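Take each chain as given, in its own frame, and dock them per the hints.
This is what each chain is made of:
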Amino acid sequence: NAGVTQTPKFRVLKTGQSMTLLCAQDMNHEYMYWYRQDPGMGLRLIHYSVGEGTTAKGEVPDGYNVSRLKKQNFLLGLESAAPSQTSVYFCASRRGQSNSPLHFGNGTRLTVT
Amino acid sequence: RKEVEQDPGPFNVPEGATVAFNCTYSNSASQSFFWYRQDCRKEPKLLMSVYSSGNEDGRFTAQLNRASQYISLLIRDSKLSDSATYLCVVNGGTSGTYKYIFGTGTRLKVLA
Chain F
1 NAGVTQTPKF RVLKTGQSMT LLCAQDMNHE YMYWYRQDPG MGLRLIHYSV
51 GEGTTAKGEV PDGYNVSRLK KQNFLLGLES AAPSQTSVYF CASRRGQSNS
101 PLHFGNGTRL TVT
Chain R
1 RKEVEQDPGP FNVPEGATVA FNCTYSNSAS QSFFWYRQDC RKEPKLLMSV
51 YSSGNEDGRF TAQLNRASQY ISLLIRDSKL SDSATYLCVV NGGTSGTYKY
101 IFGTGTRLKV LA
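These protein sequence lines map, in sequence, to chains F and R.
Position 81, counted from 1, in the first sequence is what the numbering used here calls 81; the numbers after and before it change by one each time, with no gaps.
Position 4, counted from 1, in the second sequence is what the numbering used here calls 4; the numbers after and before it change by one each time, with no gaps.
Note that these hints are calculated values from the structure, not bench results.
Quantities reported herein were computed from a predicted structural model and do not represent experimental measurements.
The reader is advised that the hints may include incorrect statements.
No more than 27 Å apart at the CA atoms, straight line, and that leaves these computed lysine-lysine pairs for DSS-like [as the list claims (entries may be wrong)]:
#1 Lys70/F to Lys99/R
#2 Lys45/R to Lys79/R
#3 Lys71/F to Lys45/R
Isolated chain R, as found in the complex (with noise of 0.2 Å):
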């Protein structure tokens, strides 16, 4: 079983739509939690952390369950210029606070 698990998607919505990602992590002793973005051909960027009250930034909710060991992405209101994939990555754990572990990252289509 891999560490870090993401659906590779793609996921095509519709303009204003709203789409949820979900991300399953193996090691319970994780510690941090994040999801970031990469458009094609760039660097990953941090779309944000997630913490275990759950967060919102804008249009984008993020929640952790850690007695199911997942975490959740929830994208409100799609933007063309939300089409990318998205990065779930986990921190700590019996590794080290050093090890960061990404998924595969699951693509994301917003259709005009």
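Isolated chain F, as found in the complex (with noise of 0.2 Å):
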């Protein structure tokens, strides 16, 4: 099992340019979620999904949109970036019980010019 994949791992774009980080996880899982994490602050969750066709806005969704369409698949778009999206995207995802831990991909590094 590969987990949770993210790509790309790394991406520079320039103010207003737009584009999607996909993940794909092979674990059935329900939950999946998108993060940001930026130095001296806590990982911060952008949306998240608990299931196929739903999404949700997380504490920081400004900016995003995301799109589960199928069950193993969630999308984050950035339709027009500004620098203050520079950051590294994580991923991740967890069975439906309320105790299940997080399963990360490996990231994508995003800088915005």
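Structure follows, in structure tokens:
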């Protein structure tokens, strides 16, 4: 099993450009999450999904959109990138049980110039 | 007050030492607790879940104190390879079980 796979691993964008980050998991997990991690701050939740076809906002959703058309995939979109979105983005998934831990992908380093 | 607080460190300890980290959380209704390890520029990886009765995994021991709202991680016989950032994670409570709150992490450096 590959676990949670994120693509791309690195990306540099110019302000105003758009892009989509892909997260794929092969563990049949119900829940999927997108986090961003910035220096000196804990991981902050952008959006999450409790199942195929459903998404919800986390604590820092502005400037991002998500879709979960298939259970195994969770896409994060940036419609018009801003320098404030320079960050490391992590996708995670977990089983439906409430005490299940998160399993992370290996991250995407995004720089917006 | 932050929902989950950790001492950022760094904790610099010699090989073979015992080191302990604490983490406090503000929501008394929190339900699940975890310790993750994060190496530089890598993803967080689950170290261990934390159970009410306390639990041990090799050199690592985790404890939960619900009355005082903190969890702890004890590392015995520290190895160079234990050098990393340790993240405290709390799940559940009134925000719902979807929400995992991360501490900013405690850096550990094990010195030869």
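(message) Checking one constraint from the list: CA of Lys45/R to CA of Lys79/R, max 27 Å. Satisfied?
(response) 18 Å, holds
(message) Hint check: Lys71/F vs Lys45/R, CA-CA at most 27 Å. Holds or violated?
(response) The given pair, whose Cα atoms are some 22 Å apart, holds under the 27 Å limit.
(message) Need the status of pair Lys70/F, Lys99/R: alpha-carbon distance at most 27 Å?
(response) 22 Å, holds
Hint violations for this structure: none, all hints satisfied.
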